[in-house]
Amino acid sequence: MTEPRRGPGSRPGHGPFGPDAGDDGAVTVEAAVSLLALVVAVVALVWGMSLVGAQLAVGEASRAAARAAARGASDTDVAAEARSTVAAAEVRIARDAARVQVEVSAVAAPPGLLGGLGSFRLSSTSTAAREPGSLP
Amino acid sequence: MAALALVAVLVAVALALGAVAAVLAARSRASAAADLAALAAAPDAQLSPATACSRADGVVRANGAELASCTVVDGDVVVVARVRLPHVSPLALLAGASAPEAASRAGLR
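Sequence lines, in order, name chains A and B.
Its first residue numbered 185, the first sequence is counted upward by one per residue in this note's numbering.
Its first residue numbered 30, the second sequence is counted upward by one per residue in this note's numbering.
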């Protein structure tokens with residue numbers, strides 16, 4: 185009987201079919217699982233950061249829109265002002281004798297295939313005093 | 030073990046980003062409140078600083094902030110708004126940003 189030929193670096197009893205092959209694939213599986221976890225965590229982080237950016241943009245839009253409303257701009261112009269910052273913004277305007285309140289909201293959905301995972305409605309409300317002489 | 034360390038690092042990064050986000054959002058709200066309050070107060074700044082500042086206070090509050098200071102300088106009203114963070118995180122404290130402030134100045138010309 186001759187010994188089976190082995191490639192360089194292989195040792196007897198240590199190979200895919202050797203006697204102690206039981207935990208050979210374990211490192212690979214652990215690496216795969218942790219890589220997957222890493223990818224999921226990084227995607228979640230990036231998504232969270234983009235949500236923060238989107239929320240800041242919505243806040244900026246509501247501020248700009250409230251300024252416009254305080255100057256006496258029409259509802260259409262106020263909404264246009266908000267949409268110049270957040271294109272898909274939904275704008276609600278409430279006026280009373282002294283103040284005008286503008287609520288800007290927008291839906292943020294995860295990009296691409298993740299879109300079905302759930303979306304958030306971001307919103308921001310700004311209140312401004314109506315400037316004297318502005319239209320009712 | 031390496032995976033565990035990695036997860037710990039990611040959690041730390043997420044917490045840090047969350048703290049930064051909270052501070053950024055608060056600063057942005059303070060800035061909007063100061064801006065809109067200064068605009069509201071500007072018409073009264075020259076005639077009656079007290080009226081101007083009480084208007085500023087009302088608008089700052091309506092925007093979820095508090096008035097840190099209100100002064101009239103050369104006929105302009107200078108409003109400083111402050112937003113207190115609901116949960117004071119250690120990271121925000123380290124950054125000295127537990128209550129971000131923003132100033133805005135407006136006047137009639």
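It should be emphasised that the hints constitute simulated quantities derived from the structure, not laboratory data.
Here a beta-carbon is modelled for each residue, glycine too, at the ideal position from N, C-alpha and C.
Keep in mind that a hint or two might mislead.
[Said to hold, decoys possible] These stretches of chain B come out as covered by chain A in the derived footprint (C-beta under 8 Å, 3 or more residues):
1) 44 to 53
2) 83 to 92
[Claimed, not checked] Now the in silico label distances, taken between C-beta atoms and shown as ranges:
3) B/ALA37 with A/VAL230: 17 to 23 Å
4) A/LEU235 with B/ALA79: 38 to 44 Å
5) A/VAL291 with B/PRO115: 42 to 48 Å
6) A/TRP231 with B/LEU33: 22 to 28 Å
7) A/SER268 with B/ARG56: 18 to 24 Å
8) A/ALA271 with B/PRO78: 48 to 54 Å
Hint numbers not upheld by this structure, sorted from lowest to highest: 5, 8
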